[in-house]
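Protein chains in written order, with our numbering: chain S, 1 to 333; chain G, 1 to 311; chain U, 1 to 279.
Read the hints as simulated data drawn from the structure, not as lab findings.
Please read these numbers as outputs of a predicted model, since none were measured by experiment.
Take the hints with a grain of salt, since some may be wrong.
[Stated by the list, open to error] With a straight-line cut-off of 25 Å between C-alpha atoms, the simulated DMTMM-like cross-links for lysine to aspartate or glutamate are:
| id | chain 1 | residue 1 | chain 2 | residue 2 |
| --- | --- | --- | --- | --- |
| 1 | U | Lys72 | S | Glu225 |
| 2 | G | Lys270 | G | Asp255 |
| 3 | G | Lys270 | S | Glu55 |
| 4 | G | Lys90 | G | Glu128 |
| 5 | G | Lys270 | S | Glu225 |
| 6 | G | Lys90 | G | Glu150 |
| 7 | G | Lys161 | G | Asp110 |
| 8 | G | Lys88 | G | Asp72 |
| 9 | U | Lys72 | U | Asp247 |
[Stated by the list, open to error] Listed next, with one range per pair, are the computed distances between beta-carbon atoms:
| id | chain 1 | residue 1 | chain 2 | residue 2 | range |
| --- | --- | --- | --- | --- | --- |
| 10 | G | Gly168 | S | Val131 | 37 to 45 Å |
| 11 | G | Gly131 | S | Val131 | 25 to 33 Å |
| 12 | G | Asp255 | S | Thr6 | 50 to 58 Å |
| 13 | S | Leu153 | G | Glu256 | 56 to 64 Å |
| 14 | G | Pro85 | S | Val134 | 40 to 48 Å |
Glycine is no exception: its CB is placed at the ideal position from the N, C-alpha and C atoms.
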Amino acid sequence: MSVPATRRNLLLTIVLLSVGLVVVSLAALMVGGVHLPLRQVWVGLWGAGPAGQAEVIVREIRLPRVLLAMLVGAALASSGTALQALLRNPLADPYVLGISSGAALGAIVALWVGGRVANASPLAAFAGALVTMVWVFALGRRAGRLSSYTLLLAGVVTASFLSAVIIFVLSMLSTRDVRGTAFWLMGDLSVVTDVQLHLLLPVIALGIGGLYFFAKDLNVLLLGEQESAHLGVNVTRVETLVYILASLLTGVAVSVSGAIGYLGLLVPHLGRMVVGSDHRMLIPTAALGGAIMLVVSDLLARTLVAPGELPVGAVTAVAGAPVFIYLLRRTTG
Amino acid sequence: MRRIPNERSGLKKRHTIALLLAGVVCMPSATSLGRLVTDQSGRRVDIPASPQRVVSLAPNITEIIYALGLGDRLVGDTDYCDYPPEAKLKPHVGSIVNPSLESIAALKPDLVFGTADANRRETADQLERLGIPLYGLAAHTFDDAMQSIEDVGDVLGQGAKARSIVEGLRKRAQAVEQRIQGQPRPRVLFVVWYRPLITAGSHTFLSDVIRRAGGIPLNEGLRGEWPRLSLEEVLRREPDVILFPRTESFSPALDEFTRLPGWRELRAVKEHHMYFVPETIMRPCPRLVDALEQLAGILHPVSGSPSEARK
Amino acid sequence: MNLESTSAGLTHANSVKSVGPHLSVEGVVFRYLHFSLATTNFEAQAGQVVAIVGPNGSGKSTLLEVVSGHLKPAEGRVLLDGEDLHRLPPRERARRVGLAMQETILLFALDVREFVRQGRHPHLGRGLFESPEDERWVDWALEKTRLTEFASRQVTEISSGEFQRAVLARTLAQRPRLLLLDEPTANLDIGYQVEMFRLVRDLAASEGFVAVIVTHELNLAAELADTILLLDKGQCLRQGSAQEVFDQELLSRVFRTPVLVERNPASGRPRINWVATRS
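Isolated chain S (complex conformation) (with noise of 0.2 Å):
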């Protein structure tokens, strides 16, 4: 089914995804290891004078899990929809480049060296994403011009040789850090500075919108290289720039919440099946429901074991299959 991009269907799209993701937030701010009611999340959120515990449940640990995993969501799903379009593949999601392999070697490098580099993990991560970045691309290029096709070569090649490595050097740390490695094998939420969140918000936010911007290339980018070059896109220079904002999108969020995967594969299909393939309808489904989908997961991931916590990732591999093989069901049955 593919609902036409107009500019109602749009802000129609917008406002009830907008809605659903507001009720979830509310709900994940609500719900716990602690049920507060609506009231006190209220009150958490914008009262002033002493905190009592429920309200510093809610403003120190629920709301910044919360906003990150909607900007995370939102991030994932974003950089998937855009990597398919770019890669005309719809197994991409924003690691087959590469991108969260290269982030979790440069954190676990950073662990390995130890001390004060150690602390600065984020930093690390996003610079091993950076270096893979550039690498692919340079990889990619095929006669001076990025192709699609080698680009997906280049980035799957090197994932395997990172994680390769990534498991050579786990070998060498001792038992007890393999223990916190997990992290960026299944991510978590559930750490997040204020600087890192007023970070994150414009450059994700950015990043999101500068994929809009190539939302009507990415249609066109759908037919083939050559059919959109024949229909006037420069094809080289919106590749290249999608292939840096969707990396960088991916890159910032792995880097603060490790590889949660699934959903930068999941949810872009999910869109479609709802909106269909016009990116200008897409783009916008894809991150508002990546960030209602990671809210819930989250929620899941925190409350199904309480008082231990699950991955999220496994949440969201766990919890995302069964819906899209429904939803697939549906359309196709």
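Starting from the known structure of chain S, fit chains G and U onto it as the hints suggest.
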């Protein structure tokens, strides 16, 4: 592979059977006479009477062997065996999780020591196939740790010395317990890793040590060795003290936590009751008691001022 | 170099006044790795259909891409209405030139209408969405290619013949002044082949654009094209009307098999058949 007793001519069959029966009867835990024993982890192993060439697959075992004065019998240890300093000079066989079987075999040991917590079952099985027996230690409590020291002593023929060492250690532990008796016990959160937040489970060795040092570990209801814990739950349980193990790769700047959302609201963070403890707190070996004393000093300061171990 | 020209072929561009688009391919040479297109010249007026024929590997598709302005000729230039096509920015060029070559396989769900709508891309202004006029051209293109009833079907679900018509529709939606088609009838049955050629010819006349078609259908070219170029190994061996170009001996040599050139009694145009031989 079982070691088959050498056929000794002149010994009548009847006597051989009697001797074997005697050996079976004397079996329960490691004795210097028995060849077939049950190690501390519950496995049945066939070990030599007097092992001369020994390989250690975990740092705590290395420490125990040296403490018993048997360092010259140690022919190999892991890359991570760092105490005493002489241990670093021994031939290394690799990591704890993945030691090199070839390296172990090349050293021609007659016995290998391992632990159930750190080493893998597969390593033991593979060594078995190579004809190298592995004696497994397993310490889930402080008492188990003391038992480990005695077991190593018995296996290596220094049982008496081991028992005297253990006696001294127990005395010190008791002294700690007496000192802190009657004092209010602080609630302790032990942070193995903070991202995600991982702590020690309620039935682990670490929890037992914390209890003996006079603290209440904050992990009721958390099963497993290294469970993840949500920060919300930590906030609800209100730790008085937060402990971090000081290792090479994990030394977070403690004032970082005063800036992290959630953490900064914990009373323990606000009042700076965050301390590093030496890694040996998780090592079942003689130095464990040093760490225990140090921890007791943190949790129950003698003079009322903070212990040196902070930050 | 082995250029045989006739009166219909070479004319110097600037001296001709024309109402509609005027295509002038002047002294164009193209080189790529081991392949080269020798100097080629031809011209076409609004409403005319040019067919490029020749054996596989003769450079027909390459010539088409050079004519589109997409590939830069090593020598010479291509002018449409006096403008050098290669020098135009890609978007400008896409507003004037519609080029449909072999299509990439689509893996994403796209309905036919969306597919055809992409043809309006070069014309979309700063706005985010298509204007009503854009939608009208999409409707027109669908109607002309008789795809209106397929508009909401998925592009991956229609037959290959229908897909080729969709590609033509998309190119038509660009409202080009120069329409370039690379083997547009490759997967079509005889009925659709004839229909496609007739459609292009009729539209070229009614809408006033120049059409250049690369094709293997010699007979359709003979019937419906105004000018034919015969290429072999990068060289234009002969160009002109069907009678001039379709010489039996030449064709047999070029296509490496004996052919028989007869006359279609109905139209007077040449009709080519291959000769059945045993052994």
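*Checked against the structure, which of the hints given earlier come out wrong?*
Of the numbered hints, 5, 9, 10, 11 and 13 do not hold.
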